[in-house]
Amino acid sequence: MNTLLVGLGGVAGAMARHSVGDRLDSTRDTLAVNLLGSLALGVLVATDPSASTLALLGTGFCGAFTTFSSFAFEVVRIAQDGAPRRAAGLATLHLAGAITAVAVGGGVVTLL
Amino acid sequence: MTSLGRLETLLFVAAGGFAGAIARHVADTLAGSLAGTLAANVAGAALLGVVLSEPHADRLSTETRLLVGTGFCSSLSTYSTFALETTRLAGVTVAGLTLSGVAVALAYVALTYTLGFGAILAAQALTRGVIR
Chain S
1 MNTLLVGLGG VAGAMARHSV GDRLDSTRDT LAVNLLGSLA LGVLVATDPS ASTLALLGTG
61 FCGAFTTFSS FAFEVVRIAQ DGAPRRAAGL ATLHLAGAIT AVAVGGGVVT LL
Chain R
113 MTSLGRLETL LFVAAGGFAG AIARHVADTL AGSLAGTLAA NVAGAALLGV VLSEPHADRL
173 STETRLLVGT GFCSSLSTYS TFALETTRLA GVTVAGLTLS GVAVALAYVA LTYTLGFGAI
233 LAAQALTRGV IR
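Residue numbers (our numbering), protein chains in the order written: chain S, 1 to 112; chain R, 113 to 244.
Chain S with its partners taken away, still in its complex shape (with noise of 0.2 Å):
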């Protein structure tokens, strides 16, 4: 039942982080959607979620909504590019951005 539930979510995930891909240029938009989904992971898992809801929202959604790959594929493009300065700061960029979009997500349920 859950791996449905992770299967729907990452449908929704896909088709929004397409949406946002859309809209923005390459390097922003993964950045975009990174921080944005590692924010509204903050705040799911701050609010004890169900399994079945973690499955859906946090696995499914948040998960297939940010992405790896991607970001990997950029930052190796970048600094192949002879940038790689710019590239390490990108990859920095993500984690730090990220690490504070969870706390902060999460701090915000708490404080709630």
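One should not assume that every hint holds.
As the list claims (entries may be wrong) - From the structure, some residues in chain S lie toward chain R, with a derived Cβ separation under 8 Å:
#1 T3
#2 V11
#3 G13
#4 R17
#5 H18
#6 F71
#7 L95
Hint data in this document are derived by calculation from the structure and do not stem from the laboratory.
Keep in mind it's a predicted model, so treat the numbers as computed, not measured.
Glycine included, C-beta positions come from ideal geometry on N, C-alpha and C.
Start from chain S and add chain R according to the hints.
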């Protein structure tokens, strides 16, 4: 996005997203969440590296790129779960940080980044070697 309509485009992304999220869930179930997420991220990066690598990329149809790249690889891999696991390893939500927790979190990040970027490079090398 030449001949595909908006609905067809979304259907390919959705089908890939369905399969990718389930594959990641299966990896988490089999290997535990840390190792499962790591495996899903490295596998997603490797496969996307193959899909997007020149000169291979030009030979793939738009449908294949949407289904496998935008849909499957991007849903198989995840950044939000990776970030959540990293904060949990570091104990960021707890007031008193333990140094060992931070070290483990940094090691997890280093491992994911190294293997993920390495997977892209390996996929590029492999793809170019096979096609040319």
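Checklist entry - Which earlier hints can't be squared with this structure? => result Violated hints: none; all satisfied.
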